[in-house]
Amino acid sequence: MTRRTSPEVVLEVRDLVRDYVVRRPVGRFRRERRVVRAVDGLSLQVRAGEAVGFIGANGAGKSTTVKLLTGVLVPTSGTVRTCGLEPSRQRRELARRIGVVFGQRSQLWWDLPLAESFRLLAAIHRLPRPAWEPRLADLVDRLDLGGFLTTPVRQLSLGQRMRGEVAAALLHSPGVLLLDEPTIGLDVLASERLRRFLRSEREEHGTTLLLTTHDMGDVQRLCDRVLVVDGGRLAYDGDLPGLARRVGAQRVLVVDLAAPGPPLHVEGATVLAVEGDGLRQRLAFSPERTTAAEVLARVAAVADVRDLSVEEPDVADVVRQLYAAAAQEQRRAGDRES
Amino acid sequence: MPTPYPALLVAGFRRFSTYRAATAAGALTNTVFGAVKAAVLVGTVAAAGGSVSGYGAAQAATFAWVTQALLAPVAVFADDELAQRVRTGDVAVDLARPVDLQLAAWADDLGRAAYTVLPRGLPPLAVGALTTGLALPGRVDGYLLAVVALALGVSISFGCRHLVNLSAFWLTDVRGLTTLYTVVATVLTGLSVPVGWFPPWLAVLAAATPFPSMLQAPVDVLTGRVAGAEALRVLATQVAWLGAVLLLGRVVLARGSRRLVVQGG
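Protein sequence lines, in the order shown, are assigned to chains Z and R.
For the first sequence, our numbering begins at 831 and goes up steadily by one.
For the second sequence, our numbering begins at 3 and goes up steadily by one.
If you're looking for bench data, these hints aren't it; they were derived computationally from the structure.
Just so you know, these numbers come straight off a predicted model, no measurement behind them.
A virtual CB, placed ideally from N, CA and C, is assigned to each residue, including glycine.
Here's a subset of chain R near chain Z, in silico, CB distances under 10 Å, partners left out:
no., residue
1, Pro6
2, Val12
3, Val93
4, Ala94
5, Thr174
6, Val264
Here chain Z stands alone, though its shape is the one from the complex (with noise of 0.2 Å):
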């Protein structure tokens, strides 16, 4: 296969080290310094115009990382580029050329109605009106803002800021854009309404993506491309279906029967769970071997479904079972050695 010249690397990070010095108090007087190593080690790289999701566990260095490339922390040790400026020591003229957003913060101002924060962030951006009116009127437009910009952001819902949040990160026009967590706490409707944003953005400026999530959606319809963390190191870097091969990561398929009956065992599926003898059943499929709609076809075929869900494979799930899966591969390696 041969390859196009391929796009500038915007982000880089070689053998990043990041510790945190955690102090604790033991007795009245006397404090435990404890060294915790948030990333261990990490290296990756990110091209421009990729859309990257960077998943991993509760403390598995991801926050961290995203920090790092911002130059709000500063690196232990190892090297990180972003934009090809060093972020600790050249951060705020990074700041202009990256847009973040940390969703469990906010970079609007509490008190004041949201237009004053788009106001405010102009001017710290130092645009000049011709430019930013016309980005902020497109931003309002497409994330539905119009309804509460004379609010003030203390008084937005959670979906509401969270819109004006990424706005906010997106008025300067960067190039690469850092979200932690975007869609934590939102509900479906709006972060399926987020999602349509970013890839909408993503197709009409090329803006590069580097998202840290919980939630497998995300990655499912943003990103073509998934680093998973662990311990501060990355434990996998490749395409979601990759993923899902390496780990075998099932998805889930929940039905609801009209009437209770015996455990469906169809083609393709298992039979994870039964509750109410045969109501409810939850049948597990590998989306690599048959899709949500064949198994629900196969099982519409032999009892009556009143309703459905598909549950996506966990996050956590998946990370636990990549470990799982190396560990057993080593094992398997020692075996053959001896």
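Given chain Z's structure and the hints, the job is docking chain R onto it.
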């Protein structure tokens, strides 16, 4: 390329202007304490035979009301807004912006001060004028200098409060330090009694700190206690202290932000 700091100053003004009830409560408290302070200071002057270090009864009462009027703009008491942002990690948002953190915070604080001047300053002055009367010089150039002295006093106060807040990069809890700061500032700024009334040892100690430049200095210029060349010397001292605290603030901020720990999101 417009500079962002004037917009941040306006934002500081508007941000604080949303808390109307708190402003009214603060104004009432300042006024009530002004009445108490005026009574005590005037009583002291009377007991001393009509004059203490150049303060007669009218000057002592005026001092009491004017210090109460400027207490809120100068913000003699320490706040912990930035310290809380460091503690919770919200400071990450501030650091991810293309602005100088110190200048942005200074602009915000000047906006806050500008908002508080009238609603927190006028009530004590009005009550003072109606009860004890105010002994003010009534010269325009003196008032213009007083505005400059007040802006410098607010800025020095900002620089010091910013330093107290920056200690949050090292301390997990800054409450002890903010309390200590407030106690020291209440005395050394001249908020309780004029710095000129201090015993010699305390006067020497106060002069070695930026505190008198925050409140006593603008009050002296406003009430005409110092004028002309002497007033300019007071302003020069303020400028020197401002430079010192801002410079120290920059060093501490640079060192502190390298130690920043943001865990959980």
